[in-house]
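Visitor: Those sequence lines, one after another, are chains A, B, C and D.
Quick note, this note's numbering runs 380 ahead of the 1-based positions in the first sequence.
Quick note, this note's numbering runs 380 ahead of the 1-based positions in the second sequence.
Quick note, this note's numbering runs 380 ahead of the 1-based positions in the third sequence.
Quick note, this note's numbering runs 380 ahead of the 1-based positions in the fourth sequence.
These are calculated hints, taken from the structure and not from any lab test.
Source: prediction; values computed, not measured.
Possibly wrong hints are sitting among the right ones.
Because identical chains cannot be distinguished in the list, a pair is counted as satisfied if it fits within a single copy or across any two copies.
[To be verified] Below, simulated DSSO-like cross-link-like pairs (lysine-lysine); rule was C-alpha separation at most 30 Å, straight line:
#1 Lys784 <-> Lys718
#2 Lys385 <-> Lys784
#3 Lys781 <-> Lys762
#4 Lys536 <-> Lys402
#5 Lys521 <-> Lys386
#6 Lys438 <-> Lys521
#7 Lys628 <-> Lys727
#8 Lys781 <-> Lys691
#9 Lys536 <-> Lys385
#10 Lys781 <-> Lys739
#11 Lys631 <-> Lys727
#12 Lys385 <-> Lys739
#13 Lys691 <-> Lys718
#14 Lys402 <-> Lys762
#15 Lys521 <-> Lys385
Residues per chain are reported as follows:
Number of protein chains: 4
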Amino acid sequence: MSDVKKVVLAYSGGLDTSVIVKWLQETYNCEVVTFTADIGQGEEVEPARTKAQTLGVKEIYIEDLREEFARDYVYPMFRANTIYEGEYLLGTSIARPLIAKRLIEIANETGADAISHGATGKGNDQVRFELGAYALKPGVKVIAPWREWDLTSREKLMAYCEQHDIPVDFSSKKKKSPYSMDANLLHISYEGGILEDPWAEAEEDMWRWSVSPEAAPDQPTYVELTYDQGDITAIDGQAMQPHEVVEKLNKLGGDNGIGRLDIVENRYVGMKSRGCYETPGGSIMLRAHRAIESLTLDREEAHLKDELMPKYAEVIYNGYWWSPERRMLQAAIDETQKNVSGVVRMKLYKGSATVVGRKSDASLFDESIATFEDDAGAYDQKDAEGFIKLNALRLRIAAGKGRKQS
Amino acid sequence: MSDVKKVVLAYSGGLDTSVIVKWLQETYNCEVVTFTADIGQGEEVEPARTKAQTLGVKEIYIEDLREEFARDYVYPMFRANTIYEGEYLLGTSIARPLIAKRLIEIANETGADAISHGATGKGNDQVRFELGAYALKPGVKVIAPWREWDLTSREKLMAYCEQHDIPVDFSSKKKKSPYSMDANLLHISYEGGILEDPWAEAEEDMWRWSVSPEAAPDQPTYVELTYDQGDITAIDGQAMQPHEVVEKLNKLGGDNGIGRLDIVENRYVGMKSRGCYETPGGSIMLRAHRAIESLTLDREEAHLKDELMPKYAEVIYNGYWWSPERRMLQAAIDETQKNVSGVVRMKLYKGSATVVGRKSDASLFDESIATFEDDAGAYDQKDAEGFIKLNALRLRIAAGKGRKQS
Amino acid sequence: MSDVKKVVLAYSGGLDTSVIVKWLQETYNCEVVTFTADIGQGEEVEPARTKAQTLGVKEIYIEDLREEFARDYVYPMFRANTIYEGEYLLGTSIARPLIAKRLIEIANETGADAISHGATGKGNDQVRFELGAYALKPGVKVIAPWREWDLTSREKLMAYCEQHDIPVDFSSKKKKSPYSMDANLLHISYEGGILEDPWAEAEEDMWRWSVSPEAAPDQPTYVELTYDQGDITAIDGQAMQPHEVVEKLNKLGGDNGIGRLDIVENRYVGMKSRGCYETPGGSIMLRAHRAIESLTLDREEAHLKDELMPKYAEVIYNGYWWSPERRMLQAAIDETQKNVSGVVRMKLYKGSATVVGRKSDASLFDESIATFEDDAGAYDQKDAEGFIKLNALRLRIAAGKGRKQS
Amino acid sequence: MSDVKKVVLAYSGGLDTSVIVKWLQETYNCEVVTFTADIGQGEEVEPARTKAQTLGVKEIYIEDLREEFARDYVYPMFRANTIYEGEYLLGTSIARPLIAKRLIEIANETGADAISHGATGKGNDQVRFELGAYALKPGVKVIAPWREWDLTSREKLMAYCEQHDIPVDFSSKKKKSPYSMDANLLHISYEGGILEDPWAEAEEDMWRWSVSPEAAPDQPTYVELTYDQGDITAIDGQAMQPHEVVEKLNKLGGDNGIGRLDIVENRYVGMKSRGCYETPGGSIMLRAHRAIESLTLDREEAHLKDELMPKYAEVIYNGYWWSPERRMLQAAIDETQKNVSGVVRMKLYKGSATVVGRKSDASLFDESIATFEDDAGAYDQKDAEGFIKLNALRLRIAAGKGRKQS
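Construct all of the structure, not just a fragment, from the sequences and the given hints.
Guide: What follows is the structure in structure tokens.
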């Protein structure tokens with residue numbers, strides 16, 4: 381074992397990370413600092429304090445990061461209309477860089493030389509935590525117990541608890557679910573259990589954040605979202621902070637059966653996995669943002685954003701938030717958002733969030749040009765001939781030289 | 381007027397293109413050949429024969445192109461998961477290259493030196509028709525009456541009809557709608573009328589191909605789509621031709637309120653326009669194709685497809701189907717589809733088409749690797765450490781040299 | 381003729397644009413304002429004053445724009461390592477946006493409602509001037525005489541001069557060349573004449589800015605370029621303004637036979653054309669900038685820059701400097717240049733500019749890691765195994781399922 | 381040690397890989413099969429037979445792969461104008477996939493369960509060998525001695541030789557160089573020694589394949605390259621096989637001081653390294669291929685190729701030749717080469733390879749359109765107005781709405 385004096389652990393207060401506290405103390409003979417954050421997962425974080433104390437932890441950090449998470453991570457990501465592999469809204473991925481940053485900041489504050497987390501050796505989260513940590517503190521030691529220890533089954537874990545007097549009620553309720561779950565302000569995810577068969581449909585009682593479309597109200601809900609420079613600043617005319625916006629839209633979306641997703645995705649570590657996600661607010665935000673951009677973005681910047689988006693999504697999914705390439709892409713994206721302001725009206729109904737209206741003082745939509753009616757010179761239809769002829773020129777030359785076009 | 385002897389006209393049988401027949405005969409003093417195609421627009425094409433005869437047309441082409449359209453245009457496009465500007469399924473765009481190709485082939489058969497169409501000077505369709513025509517026959521003369529004549533209002537058109545004895549019942553019923561509409565096997569589109577205000581919600585009675593989500597059945601419909609090399613070959617186990625597949629999915633989608641879209645898009649000719657679309661079958665096909673790919677495509681080819689897709693969509697939207705760049709992109713896309721075979725199970729319910737299962741003999745999903753349970757060596761979790769450390773190396777070096785990462 | 385009161389003309393003082401002054405006065409019965417700029421073309425601009433006066437022009441603008449050109453156009457472009465179609469350094473393209481901007485600013489100052497230029501209807505320059513003008517003043521009227529008048533041959537032009545008492549010695553010397561030439565601080569271009577046969581080698585006496593490699597000194601010249609945030613700020617330790625840098629490197633390059641280029645390029649208006657270019661300084665700058673970036677840029681931002689570069693080059697070549705997409709790309713590029721500082725040492729010899737050394741305080745090169753010798757833990761070679769194994773995982777799974785890899 | 385019965389080793393016949401033979405036999409107690417290939421490195425391969433026999437190897441493979449290497453690897457790569465990070469012609473990278481493929485094929489023939497190579501744990505080559513091996517035989521065991529053993533210095537290696545009776549004259553001459561070198565048909569590379577200081581200029585006596593530009597002939601050499609579908613098939617009219625083409629161009633280039641490169645590059649394993657390369661033939665081929673494409677490729681496919689090239693280069697550099705993404709990109713690239721046929725004339729002179737002429741029966745260059753002289757209707761200059769106006773429309777609308785363009 382390398383020489384570690386103090387380690388900051390991302391501590392949920394649940395059974396697994398409680399075992400890690402003990403295991404770190406014992407294996408590395410080091411002090412453990414716990415860090416527990418409210419990032420909107422919908423569970424109390426304060427109970428983690430007593431649990432940590434029980435485990436002999438002296439430095440305990442418990443923080444409400446919901447607003448920072450929404451403002452500095454979720455919002456910038458939605459400016460890019462980010463989707464991974466055409467479907468996934470990156471709910472888990474986007475929370476990791478903030479945790480990594482706080483782990484490192486706390487390590488610096490407490491003089492710790494290592495950080496630790498409870499992510500397994502097969503998933504993306506270990507990568508996201510550790511890339512972030514290394515980027516922010518290159519000499520940090522990272523301890524990933526799931527890659528090191530031999531507590532590789534539930535039985536062994538429970539035996540370890542008994543041996544070390546770790547109260548089993550540390551086990552959070554959600555762990556009794558057959559699914560591996562993870563939640564934050566933006567989404568809740570489900571993996572494992574019957575989902576490991578990609579042909580099997582998820583059971584209705586798995587979903588926790590939304591009613592089924594069938595159980596949603598028979599009347600649609602309309603909602604108006606106000607944008608300022610790419611970000612939502614008000615709902616139905618009421619100004620809100622970013623994290624309030626996401627919470628409110630989660631409620632509205634969840635009530636209307638919106639945001640369920642069932643996909644097979646490609647992990648950065650190389651295998652495919654099947655996951656189910658509920659992202660009620662994010663699903664609304666994605667469509668609404670595209671709608672306000674449809675009025676206010678220039679065509680070519682919109683298309684360029686679309687071409688860059690898959691790369692940007694991959695960067696975040698793979699854990700490279702704290703990287704020069706992410707900052708470079710963000711600079712391009714943010715440059716386009718200066719005029720992305722206005723209001724989008726959406727209809728929420730039994731699983732669908734559809735755009736039904738959009739308006740903006742910065743709108744580039746020009747009725748007088750787009751109209752099919754007579755117009756007075758704003759657009760000369762005869763220009764189209766030259767436009768087409770010169771655009772066709774290269775094709776005509778090629779065809780004239782006998783090139784086959786089909 | 382330049383010297384034109386014979387012109388092939390894309391003739392719908394409706395009032396506008398009937399006026400064009402007459403106007404071409406009169407203005408250019410030339411023979412007109414009409415070409416009317418069933419590309420799944422849902423209207424009889426045979427009546428166009430009598431109408432054309434009434435107008436003095438001697439060479440009349442009436443064809444059923446539904447299968448060619450589905451097989452050679454719609455299907456290849458869906459292999460790419462093509463969407464324009466994040467929303468539009470390119471229903472209009474994808475039909476134009478086939479029409480252009482037939483216009484030119486008929487011109488070659490009949491010895492015509494020109495082609496003509498009824499698209500306006502403000503839209504994308506003129507571009508798509510003409511780029512295709514020039515690419516396939518570089519010396520062809522193109523006549524676009526709407527860019528030339530002065531019949532620029534409905535009143536003038538009607539006066540022209542009266543003057544030239546064109547029966548007004550040539551006006552198809554759909555033209556009585558306040559909307560400008562266009563339909564084919566893949567979709568129906570609506571523009572104009574109150575849609576010219578992007579804040580105004582489309583009226584329920586505008587939509588023709590789908591019931592509203594509210595009016596759709598209270599019970600979901602499940603459907604299984606069989607893929608072979610990227611293309612759907614059977615529905616619920618029943619083998620079908622491509623055009624039957626699209627028709628069947630249009631029915632299933634339309635019955636369940638699926639496929640309505642309301643967007644502001646950027647036209648190639650430079651302005652924004654607002655359009656509403658119904659693409660019931662296509663909306664199902666898009667999600668299903670992504671689902672079968674999620675099992676069968678390698679991660680990196682999937683990501684590369686996603687990066688190329690916006691360009692491919694732009695190429696089609698702008699009218700460059702018959703171009704070297706489309707063939708180049710198609711070659712890349714088709715290369716990836718060899719193993720895209722299997723079955724996708726979807727749930728259709730009140731406006732939503734959701735994937736609930738997927739399976740494939742060519743699946744790259746490996747339960748034994750993805751599982752959270754113990755595994756016997758298929759994947760060594762310790763490998764993750766090296767993977768992360770080397771991926772982090774460039775970030776660590778930069779941080780070690782004092783580069784700020786945030 | 382539409383109603384034009386006053387027009388600002390990009391006036392070189394040569395014969396062609398002198399004819400345009402007269403033709404505008406006569407055809408449009410309007411006042412002409414001339415604008416003549418020194419952008420480093422190597423000809424006196426002051427003589428244009430007397431010529432314009434002779435032609436009856438009252439408002440005459442003559443300006444030295446060399447520094448603005450180098451600082452705000454050439455330098456930002458070189459930050460992106462910009463090359464069009466793998467070869468062309470965009471010497472002509474990059475000068476047009478500045479001319480367009482000044483034309484519009486002068487139009488605003490003088491109350492002119494139109495601008496005019498001497499570019500032909502076949503080239504890229506008309507597009508670049510006019511896109512810039514429209515982007516900066518959307519209602520401006522653009523007059524492009526070469527697309528309008530019938531003075532389409534040298535004979536007709538000379539006849540017009542005689543008729544209108546335009547002194548023929550207005551014809552600048554360079555026009556006696558068989559080539560169409562254009563020069564500015566960054567380069568000189570040659571088109572036409574025997575170059576219209578792409579198999580014909582350019583004649584030695586065509587080239588004006590560089591000696592032939594054969595005639596260059598037998599001893600190499602070494603030069604050191606100091607970079608600060610992506611821009612050259614000193615040569616051989618001597619601080620210089622941007623335009624002085626380019627001039628100095630033109631001299632050094634030209635003396636050593638560097639910067640000749642002979643290509644066939646694709647014009648935006650649709651045809652291929654053959655051009656020869658001399659860009660002595662720019663050719664040195666391109667390689668030197670890549671060299672300083674090789675030390676100071678992160679790998680992923682460097683690769684992303686390379687992927688975006690062709691698009692950025694196309695945007696500039698096609699005339700879209702004044703566009704949202706250029707600003708978006710520039711934001712991404714500039715974001716990466718914060719640490720691109722240091723010194724590059726180059727060897728100039730008989731046509732070649734080769735990098736022989738580079739150093740930087742912001743270097744990311746780490747001898748202790750890159751070395752082949754023993755090292756003390758900075759890099760653990762065993763990490764490579766995990767790195768490779770996880771990167772190979774998707775390929776192994778595919779091969780294990782029988783996918784062919786070749 | 382895991383259970384290995386027989387291992388196929390990439391054996392150069394030099395000292396290092398001879399040590400590996402012995403080390404494998406001893407450490408793994410397994411049989412070793414040696415594989416030595418002539419891929420144009422310019423050294424005899426036959427002597428490797430006796431050396432292997434001396435070491436007790438029973439199955440010895442010695443093969444001439446020059447033609448396969450040139451035809452199936454070098455040629456396809458040059459169709460894409462491939463350059464890594466703007467400079468590097470991928471000489472080392474492109475040879476590895478072929479070695480990996482033969483290692484696996486021989487493993488299959490001889491019933492071996494493992495492969496081994498002499499690449500270190502810090503470089504790219506280990507990745508390239510192993511990714512290829514895993515892709516082609518997913519269950520293969522890979523042994524990378526440099527990542528495992530403790531013979532980490534020259535002294536330890538020599539001691540091992542003495543201990544195990546390995547004749548020291550196995551040490552090939554090139555190993556006496558202070559540089560780490562690697563050569564094949566396409567190039568020779570140099571790393572290490574004084575090159576580890578990126579500010580230090582390489583010494584003249586390091587270079588082995590080319591004379592210095594200073595020492596090259598005072599008269600230029602002209603050469604004509606004939607292309608057929610993207611590949612060179614003849615030099616100066618004389619038909620040649622691919623590997624003869626590369627050899628001939630290496631000779632011509634080397635004699636004229638062409639192809640030296642001195643760069644800092646970003647390795648896939650995360651650090652920067654400085655390398656010098658001589659690629660005489662490849663440097664000529666790159667420019668010539670661009671020249672024949674400049675005549676024969678459509679603009680848009682050319683630009684798309686340029687946008688894809690950096691990705692394709694990265695794929696090869698990182699070792700993913702045997703991957704779906706490489707095949708996907710290759711399909712796109714090869715689709716464009718059907719008409720890339722003709723002749724390019726080049727001038728070779730003291731370090732520079734410049735294009736001075738190009739011709740093709742499939743040329744898309746049209747003098748009648750490109751000319752500055754009067755033309756008879758092939759191109760109507762008035763079309764340019766409409767072309768520009770519609771392309772400017774989105775910019776005008778934005779400016780008209782008060783958007784700032786600068």
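Visitor: Going through the earlier hints one by one, which of them does the structure break, listed in rising order?
Guide: When the structure is compared with the hints, only number 12 turns out to be violated.
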